[in-house]
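I would like the entire structure built from these sequences, with the hints used as guidance.
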Amino acid sequence: MKLNLRRLPEYLVIWVPLLLAAGQIVTFALWTTWISFTSATLMPSGDWVGLKNYTNVLATRNWKIAFDNLLIFGFGFVVLTALTGLFLAILLDQRIRGENVLRSIFLYPLALSFVVTGTAWSWLLNPGMGVQKLVNDLGWTGFRFDWLVDRDMAIWTIVIAGIWQSSGFAMALFLAGLRSVEPDLVKAAQIDGAGPFRLYTRVILPSLWPIVIAVMVILIQTAIRTFDLVRALTGGGPGIATQLPALVVYDFMFQRGQLGRGSAAAVLMLLTLAAVLLPYGIWKYVQRRRAANA
Amino acid sequence: MASGNMSNAGVPPMRDRSWGRVAVYVVVWALAVGYLVPFGVVLLNSFRTAEEIAQTSMIGWPTNWVFGNYTAAWATYCIAQTCSGIQPYMWNSALVTVPATILSTLLGAVAGYSISLWRFRGDAWIFGLVTMGVFLPEQMRLIPWTIVLRDLGMTNTIAGLVMIHTIQGLSFTTLFCRNYYVAIPVDLMKAARIDGAGFFRIFWRIVLPLSPPILIVTVIWQFTHIWNEFLYGVTFTTGQQQPVTAALIALSASVADVPQHGIQSAAVVVAALPTLLVYLFGGRYFVRGLTAGAVK
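Order-wise, the sequence lines are chains A and B. At position 18 of the first sequence the residue is numbered 1316 (the numbering used here), and the sequence of numbers has no breaks. At position 80 of the second sequence the residue is numbered 95 (the numbering used here), and the sequence of numbers has no breaks.
Just so you know, the hints here were simulated from the structure itself, not pulled from any lab data. One or more of the hints may lead you astray.
Okay, derived cross-link-like pairs now, SDA-like style, lysine to any residue, Cα gap no bigger than 25 angstroms in a straight line [to be verified]:
{"hint": "1", "chain 1": "A", "residue 1": "Lys1582", "chain 2": "B", "residue 2": "Trp140"}
{"hint": "2", "chain 1": "A", "residue 1": "Lys1431", "chain 2": "B", "residue 2": "Val48"}
{"hint": "3", "chain 1": "A", "residue 1": "Lys1362", "chain 2": "A", "residue 2": "Leu1378"}
{"hint": "4", "chain 1": "A", "residue 1": "Lys1431", "chain 2": "A", "residue 2": "Ile1458"}
Reference excerpt, derived from the structure (chain B facing chain A, CB under 7 angstroms, subset only) [as the list claims (entries may be wrong)]:
{"hint": "5", "residue": "Val57"}
{"hint": "6", "residue": "Ser72"}
{"hint": "7", "residue": "Met73"}
{"hint": "8", "residue": "Val125"}
{"hint": "9", "residue": "Val145"}
{"hint": "10", "residue": "Gln154"}
{"hint": "11", "residue": "Ile182"}
{"hint": "12", "residue": "Asn243"}
{"hint": "13", "residue": "Ala287"}
{"hint": "14", "residue": "Tyr294"}
{"hint": "15", "residue": "Phe296"}
{"hint": "16", "residue": "Val302"}
Covered stretches of chain A, going by a simulated chain B footprint (3 or more residues, C-beta under 8 angstroms) [claimed, not checked]:
{"hint": "17", "region": "1363-1369"}
{"hint": "18", "region": "1477-1485"}
{"hint": "19", "region": "1520-1531"}
{"hint": "20", "region": "1553-1566"}
Quick caveat, the model's predicted, so the values are computed rather than measured. Even for Gly, the Cβ is constructed at its ideal location relative to N, Cα and C.
Structure representation (structure tokens):
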């Protein structure tokens, strides 16, 4: 007992922060899940209603549009950001002068918030004062670039801003990957007479794919959680054309005071995320197991 | 980071002036200019008058440079009926970001140390749970935090945001530090324990002196994320208590009689400045944080 008391500060320092962090995550996740099964509206209390909130949310036009948008945005953002990042990384890998300066330029958007990113792009893409206005003033009066106010195309403005913000991140990881390809492998291919194109497609890129997957998973995560960028760039509009699940959750919870439905939408977001992360986690685990056994 | 220092020291000077190399340079610099444009446009507009912007477009070189946009944006411009500029919101952001960054980094360092070097029963489990916080969407925590803040009487306070960012930041900081500390040799620990050093002494004498690289990475990561955070700021605070990201959204939503894009641009630049400076001066560590965060 005496020993335990003397070690009390140690126990406190070890356990208090860890229990706060872990406890918060577990209880909050369970709490929100519990609310999603109740009839809670303005206050987080209500009767058990089973899956009613879920069927309700899934039936709203808001959620359907948001989920369709998530598919378009997620696909466009993830694929194009990864491709842009890969392209930039390959360019920078060509023994370029001023590589450090260039790398800093491609990465700086990542230091900016999505709010700043969205605001800057909302001005550039606004047809009345951005790129379209500039080109019109230069003499090409018929030029149209009005995706921001076009219901069908507005979601792509978010893709564009997202690529600009995040492709530097993909570039940094890909560049690190390119630099860690076995030099012997490259030399052997060169001796075999492989040109630069074949060298990339046959030797270097195939060894890069674990990084490609890691980058994609992180980008998918970003896509599913996207909120600020939409708020700053389109505000969800025109109309509700650029709604995303994160905005729907917020709308249910704090605009309409429907905590039950908002929680159900949040759980649906979590499930979407889990659908991506769980297979990835299992794959990572199997890989690690294999590496350990080899 | 932006300052010179060519990393490819061993690369021979460019003699190969083939068209292919010229093309690479043209493409890469064209892209670089493209990446500079969106923020560059905002920066230039912050020195242009509202009339000039209205007459031409958002994209243009200032014909006569004005600096009044900055004083107006900082101290007098009206955001949601309060004409105090973004100054109070910048202070709010600083008062949230600095304490939360320091606290979460310190606690994360101790937690990472106790998990990686001071093994105890259940350490793997608790580490797994803590790192799950990296993935759990904010939307799953909004209502619980609202209730906790209300019960603690911390609704709409800076202290509330500090608490939230500290506790949630622990997921990242513990992960970063733990992954760094596992590389410390176990023999070093054993020797210290045989010498009779305890938990705190080992942390203070052995672990902390080895920690500057990971602490810098963690501080930069936390600072950038908390400063740039919007959702919690806009959910848990209102009016004069909001961080600057929320104020920027309110600012661009407030419809003036005459659009004040010069002043709004200046406000955006000021709000972006702290994280941009951190990036410019700590770029190396910034990138390291990205890769550390990615290899989860």
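Hint check against the structure, violated hint numbers in rising order: 15, 17, 18
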